[in-house]
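Respectively, the protein sequence lines represent chains A and B.
Per the working numbering, numbering through the first sequence is continuous, rising by one, with the last residue being 394.
Per the working numbering, numbering through the second sequence is continuous, rising by one, with the last residue being 178.
A hint or two may mislead.
[To be verified] Within a straight-line C-alpha distance of at most 20 Å, the following computed EDC-like cross-link-like pairs (lysine to aspartate or glutamate) qualify: (1) Lys234(A) to Glu134(B); (2) Lys46(A) to Glu140(B); (3) Lys17(A) to Glu(-16)(A); (4) Lys102(A) to Glu134(B); (5) Lys275(A) to Asp393(A); (6) Lys134(A) to Glu140(B); (7) Lys17(A) to Asp213(A); (8) Lys134(A) to Asp128(B); (9) Lys152(B) to Asp119(A); (10) Lys268(A) to Asp279(A); (11) Lys46(A) to Asp128(B); (12) Lys292(A) to Asp128(B); (13) Lys134(A) to Glu113(B); (14) Lys65(A) to Glu140(B); (15) Lys152(B) to Glu140(B); (16) Lys177(B) to Glu140(B).
No lab work stands behind these hints, which were simulated from the structure alone.
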Amino acid sequence: MERRVVITACAAITPIGNTRAEICRHLLNGISGVKPLRDDGLLSQYIQSGVFGTVDYPIAYDFKRQYSKTMGPVAYYACQVAKEVLDQAGLDPAFIGSGRLGVAFGSTHGSPTVQREIYKTFFGGSQTKFSSIGAVDYLKSMVHTTAVNITKMFGITGRVISSSTACTTSSQSIGFGYEAVKYGMQDAMICGGADEYDTTTVAVFDNLLACSTRFNATPHLTPRPFDVQRDGLVVGEGAGAVLLEEYEFARKRGAVILGEIIGFACNNNGGDLVLPNIDGITQTLKLALGEAKIHSDDVDLISAHATATKMGDVIEAQAIARVYGDKPSVTGLKSYMGHTMGSCGAIETILSLYMMAEGWIAPTLNLNEIDKRCAMIRHATELREADIRIAAIQNFAFGGVNTCLLLKRTDV
Amino acid sequence: MIREEIQARILEIFRESFEIENPGLDDDLRDIHGFDSIDGIELLREIEIMLDSELTREEKEIAMEVRTINHILDYIQLMASQRSKG
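With the rest of the complex left out, here is chain A (with noise of 0.2 Å):
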């Protein structure tokens, strides 16, 4: 059994904003969500990037503390953009809790907030021979801590997956939840990815020496994906969400389509789970398409990963160029906000729709320069409009995992 997915609605909370307006008027406006990185008291001090993708605006929460009790920031993250896919859906709350509703949801690892705080409980000096970890810390930090918080909310009973692999976290959690629906395990899947602020990440990318350094001073100039001057990855927070039905079944309710999904693959390099490998790169793309059933030429928009770093942007752009060549503009969204690890292939996915649906394209922010390796492909470097029939959202992660997947405008 095979059926068709498509998308009935979606939430997102980013650097550059938590609502559809917000979010494109940064995007047609050039707008950067990139700030300085904020002290933590612990790691930041010792960080060489100063630049974090920071959500400095007020989120309206309004969780009952039966809910909240259980929850870290991550998964506050995560539960108000489910929150929101569900208000958008409104779907019948009979199906909600029928079993045939699952949740494909994750993060990079839990929260890192909660996660210090018991580190502290041992190592810190306690003041009380009391003290010791809180009942609930290990379900606010543990890693599907994301993907069951969003069940207890909502009294979801169908099927859990909580994809854990640093940038293709929420890429996985689309894409499985795709499968599930798509082979009739499920009849509706909320899927996404959510990270929470954390300078951990940062510092381990930052000993790596992936982290943008040079733009600490002016940071809505980084990253600067595919440009001569990129000097590595700017890491972000967020969430997104999207919620995928069964086509018949969105019908049949009069559900709004916003998409469909038409293509998702995943792989590993099998080998080096830091370096980005040319060959794993092109078979995602290649495997995507064939299982679409489409040719390259269709695709009119790649959502590229894209992160700013030395080689991983020389490695897409080649990839693309093998399988794609120049027909299909490209843009790296992680320009506007730096990289929200688990949550960026939902966001981006999310970023996808809105230009499908508005006509136009975002080009790639800080591009001035195209560094001539990466410049056999067609790269968006200013806005324009775009009838936009199929995108392709390409991520890879450490662990050498890649993913993409497919989205057809249901109007075409």
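With chain A fixed as given, assemble chain B onto it according to the hints.
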């Protein structure tokens, strides 16, 4: 510690830590106020601080049976009296 003092402190904990305002002394805390086993574990830590004494595993398991504020007050008084005898 007399029962009234314990009651005042427990109600304060319920208000500040569990966002439960002035529960009835015989209310079923789980059914009426959503006070679950996780909250029970958090409460035990507060009780240890009140008693200035760690509870044993067996004593904590007994506490899992309590359902009302009055049960909690009985439990704390029992634990306090056992410690004063010891």
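Verification of the supplied hints:
For the hint linking Lys234(A) to Glu134(B), the alpha-carbon distance of about 47 Å lies beyond 20 Å, and the restraint is violated. Distance hint between Lys46(A) and Glu140(B) is unfulfilled; the C-alpha atoms sit about 27 Å from each other, more than 20 Å. Between Lys17(A) and Glu(-16)(A), the direct Cα distance comes to roughly 45 Å. Violation of the 20 Å bound is thereby established for this hinted pair. Restraint check for Lys102(A) and Glu134(B): the C-alpha separation of about 18 Å stays at or below 20 Å, so the hint holds.
The straight-line distance between the Cα atoms of Lys275(A) and Asp393(A) is roughly 18 Å, inside the 20 Å bound, and the hint therefore holds. Among the hinted pairs, Lys134(A) with Glu140(B) is inconsistent with the structure: their alpha-carbon atoms are about 30 Å apart, more than 20 Å. Our distance criterion of 20 Å between C-alpha atoms is met by Lys17(A) and Asp213(A), whose separation comes to about 16 Å. This hinted pair checks out: Lys134(A) and Asp128(B) have alpha carbons roughly 14 Å apart, not beyond 20 Å.
For the hint linking Lys152(B) to Asp119(A), the alpha-carbon distance of about 19 Å falls within 20 Å, and the restraint holds. Of the pairs offered as hints, the one joining Lys268(A) and Asp279(A) holds, with about 12 Å between alpha carbons and a cut-off of 20 Å not exceeded. In summary, the hint linking Lys46(A) to Asp128(B) is supported, as the alpha carbons are separated by about 14 Å, within the 20 Å threshold. Of the supplied pair hints, the one linking Lys292(A) and Asp128(B) is violated, its CA atoms being roughly 51 Å apart against a limit of 20 Å.
Of the supplied pair hints, the one linking Lys134(A) and Glu113(B) is violated, its CA atoms being roughly 24 Å apart against a limit of 20 Å. Taking the CA atoms of Lys65(A) and Glu140(B), the gap is near 38 Å; set against the 20 Å cutoff, the hint is violated. Between the alpha carbons of Lys152(B) and Glu140(B) the distance comes to roughly 10 Å, so the proposed pair stays at or under 20 Å and holds. The suggested pairing of Lys177(B) with Glu140(B) holds, with an alpha-carbon distance near 17 Å, which does not exceed 20 Å.
Hints 1, 2, 3, 6, 12, 13, 14 from the earlier list are contradicted by this structure; the remaining hints agree with it.
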